[in-house]
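K.L.:
At position 128 of the sequence shown the residue is numbered 128 (our numbering), and the sequence of numbers has no breaks.
Among the hints, a few may not be true.
Stated by the list, open to error - Straight-line distance between alpha carbons at most 20 angstroms, and here's what the computed DMTMM-like set of lysine to aspartate or glutamate pairs gives:
no.	residue 1	residue 2
1	Lys12	Glu59
2	Lys117	Glu73
3	Lys104	Glu73
4	Lys104	Glu77
5	Lys117	Glu59
6	Lys117	Asp84
Calculated directly from the structure, the hints in this document are not laboratory data.
Values in this document were obtained by computation on a predicted structure and should not be read as measured data.
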Amino acid sequence: IAFQVIHHIRNKADLFANISRSLRNGGYLVMAETLSNMASAIEHPESTTLFVPQAEWAELLARNHLRIVEAVESSQEIANFLHDPDFDQNFTRVTRDLDEVTQKHLHGIHMLGELLKRRLAAYLLFTVTKGESMDVDTIRRVNLERLGARVSYDATYSAVTKGPYALPPPPGAQALQDAASAASTFA
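Please work from the sequences and hints to get the whole structure.
P.N.:
Laid out in structure tokens, this is it:
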């Protein structure tokens, strides 16, 4: 489980390599993480934040045989949660006894809400699995498809309230099964 930590780690290549080494084939990683919706990264040194573009995520995961099973889009829900119409006044009151470094770091959370509201960044809930039977190019393609066909938070929430296993198969699930079957034939 990784909850809002990966964007603080600059060397994501080594991070995902380490995760892959630690995860069994068929094992799962669940993450809540923010990605850049732009072609370039979004960096905020004061809060040690580096949101990398989605294509880079797809590549980093694929190189380590990590395939996105599902990506749940929750950007607007998180943006609404972070919204405070009296932010400046409340921030000053709450952080007045904190050092400048901590204040800058905490201010980054408000900035995240603004990025999400403007759709410059995406807050996603991921389920990722390790699959060594598929080639890197196929995993990259699947990862990009999953990032492009995110499941809405509303759909996920509605499905969860109906009970276990209520989620529909992710887009392209049959094609993925076919690719895995073909790969195992040659193994």
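K.L.:
Please list, smallest to largest, the hint numbers that this structure does not respect.
P.N.:
3, 4 and 5
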